[in-house]
Amino acid sequence: MEPFLFVDFSRCIACQACWAACRREHGGVSRLHLLCFQEAAVPLACRQCRKAPCAGFCPEGALVQEEGRGVKFLEERCTHCGLCAAACPFGVLEIVPGPVPDLSRCDLCRRRWEEGLMPVCVLTCPTRALSLDAGGAVGRRRRAQPAAFPVS
Amino acid sequence: MERILVRWERCVGCRSCELACRVAHSASGDLFSAVLERPAPSRRIYVEQADKTPSPFLCRQCEDAPCVRSCPTRALAHDETTGLVAYEPARCIGCHGCVMACPFGMIQPDVREGFIAKCDRCKGRDRPACVEACPTHTLVLEKDFLDLRRKEAVRNLVQSGNPV
Amino acid sequence: MTVPELHQQIHVDPDRCLGCFACASACPEQRITWDDREGNRRFRAPAVCAGDCTRCRDACPADAVRLEPMGETAGRSWEPLSWSLPLARCRRCREPFTTQKILALLSRTLEATVGLSAGEADWPSCCPACRRDLESRRLLDAARWNR
Numbered sequence: 001m002e003p004f005l006f007v008d009f010s011r012c013i014a015c016q017a018c019w020a021a022c023r024r025e026h027g028g029v030s031r032l033h034l035l036c037f038q039e040a041a042v043p044l045a046c047r048q049c050r051k052a053p054c055a056g057f058c059p060e061g062a063l064v065q066e067e068g069r070g071v072k073f074l075e076e077r078c079t080h081c082g083l084c085a086a087a088c089p090f091g092v093l094e095i096v097p098g099p100v101p102d103l104s105r106c107d108l109c110r111r112r113w114e115e116g117l118m119p120v121c122v123l124t125c126p127t128r129a130l131s132l133d134a135g136g137a138v139g140r141r142r143r144a145q146p147a148a149f150p151v152s
Numbered sequence: 001m002e003r004i005l006v007r008w009e010r011c012v013g014c015r016s017c018e019l020a021c022r023v024a025h026s027a028s029g030d031l032f033s034a035v036l037e038r039p040a041p042s043r044r045i046y047v048e049q050a051d052k053t054p055s056p057f058l059c060r061q062c063e064d065a066p067c068v069r070s071c072p073t074r075a076l077a078h079d080e081t082t083g084l085v086a087y088e089p090a091r092c093i094g095c096h097g098c099v100m101a102c103p104f105g106m107i108q109p110d111v112r113e114g115f116i117a118k119c120d121r122c123k124g125r126d127r128p129a130c131v132e133a134c135p136t137h138t139l140v141l142e143k144d145f146l147d148l149r150r151k152e153a154v155r156n157l158v159q160s161g162n163p164v
Numbered sequence: 001m002t003v004p005e006l007h008q009q010i011h012v013d014p015d016r017c018l019g020c021f022a023c024a025s026a027c028p029e030q031r032i033t034w035d036d037r038e039g040n041r042r043f044r045a046p047a048v049c050a051g052d053c054t055r056c057r058d059a060c061p062a063d064a065v066r067l068e069p070m071g072e073t074a075g076r077s078w079e080p081l082s083w084s085l086p087l088a089r090c091r092r093c094r095e096p097f098t099t100q101k102i103l104a105l106l107s108r109t110l111e112a113t114v115g116l117s118a119g120e121a122d123w124p125s126c127c128p129a130c131r132r133d134l135e136s137r138r139l140l141d142a143a144r145w146n147r
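Protein chains in written order, with UniProt numbering: chain F, 1 to 152; chain H, 1 to 164; chain E, 1 to 147.
Chain F extracted, bound-state conformation (with noise of 0.2 Å):
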């Protein structure tokens, strides 16, 4: 199954220690946008879309969907146009301003990941709200707990 970081909200406690593990990771700059409300905080990556609209937006094929891995992105091939970013329906792909202009989007590191480890921010998250399994043991959990959804 593609891997996706998924986010179940109704355990994210607004902690930010994504956030901050993710900044650590990746030099200062978080690839993870934690946006903040009243009595909640949302956790935003890259959703390694199937059918990506990055993907499909960038004139060189910088942005490829790798069969089990996500979106990846080949950066000999790109010419920093700044054209994916418009394409993100979630506003999770960046450009960071500079003489270059750099891309920022989540890998769910890469890095780590050909070392065999998961990322930083799923190993961080203190409630396991941010988690890799499509969604598999949430969905479970969510079936099983009938109760724990009041019918108003």
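All the given hints hold, so there is nothing to weed out.
Derived pair list, reagent style SDA-like, types lysine to any residue, alpha-carbon separation capped at 20 Å:
{"id": "1", "chain 1": "H", "residue 1": "Lys-143", "chain 2": "H", "residue 2": "Arg-60"}
{"id": "2", "chain 1": "F", "residue 1": "Lys-51", "chain 2": "E", "residue 2": "Arg-108"}
{"id": "3", "chain 1": "F", "residue 1": "Lys-51", "chain 2": "E", "residue 2": "Ser-117"}
{"id": "4", "chain 1": "F", "residue 1": "Lys-51", "chain 2": "H", "residue 2": "Pro-89"}
Sample of chain H residues at the chain F side, in silico, Cβ under 8 Å:
{"id": "5", "residue": "Gln-49"}
{"id": "6", "residue": "Pro-72"}
{"id": "7", "residue": "Cys-92"}
{"id": "8", "residue": "Ile-93"}
{"id": "9", "residue": "Gly-94"}
{"id": "10", "residue": "Cys-95"}
{"id": "11", "residue": "His-96"}
{"id": "12", "residue": "Gly-97"}
{"id": "13", "residue": "Phe-104"}
{"id": "14", "residue": "Gly-105"}
{"id": "15", "residue": "Gln-108"}
{"id": "16", "residue": "Pro-109"}
{"id": "17", "residue": "Phe-115"}
Partial pick of chain H residues on the chain F-facing surface, computed with a CB cut under 8 Å:
{"id": "18", "residue": "Tyr-46"}
{"id": "19", "residue": "Glu-48"}
{"id": "20", "residue": "Ala-50"}
{"id": "21", "residue": "Phe-57"}
{"id": "22", "residue": "Met-100"}
{"id": "23", "residue": "Pro-103"}
If you are wondering where the hints come from, they were derived from the structure by calculation, not from laboratory data.
Model, not experiment: these values are computed from the prediction.
Don't be surprised by glycine CBs; every beta carbon is placed ideally from N, CA and C.
Chain F is already provided as a structure; the job is to place chains H and E on it using the hints.
The following block gives chains H and E in isolation, referenced to the frame of chain F:
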């Protein structure tokens, strides 16, 4: 749309509905060929244990559905004519938003037709495969449910020796 | 007067230019610059480039850059190039975030790839920050049942 009602007290957890669902959503539509299909056909109904009681769970086809709200490309939309939450694979970008949004865990990623597996009430079939397959009649269509309830009530009255 | 053959005159077709910054990012000397001001993305480039590279031309996704080898200087324009494209404002916060041309191209691409016609979804006309906000509200709204 006719709703599928679950008489969960009857469920024995045999998973016949899950199997029937997989076969109904396989390429061949036949049990023996479906077993060999790769990727394996996906199910859209789930039998789960809740408080030691098994029960089938199905997409509720919510009126104000969280999955429809979370879809950025309107691949999931409420169909006015059928009353179903309809999935249009051609419009789907596979962003997994609906998977995260469904409060019942009824949408799972898929690799076959489109990018998600969600109950479509067996398009083109008279009765959904799960309802047909259920040996204990846990899963029943709305009108059958009312029929059965009435018959049950009458039987109880007769048995108690106080016919109306 | 003749100049070395390596000199090239830069031609930019503003009608083809989308307003991305691939050329500016590609130039090793950073001779092509751009800024967003007063509702326009304004580009500046020298008329003549002394380099022998073709990176700006190769990077352009719209084939708007043409390089012409310079043999003779007579009749050549040395005026620096300047062209601008109107910016698109975010529907929610009114901040400019990309050019109108890029947004129109996105709209056409979405129509062709997923059949999403203009105005059917709210996010394409919003800036990345507002898209994040919209998305998080949508997801929180969905999660209101199991909070």
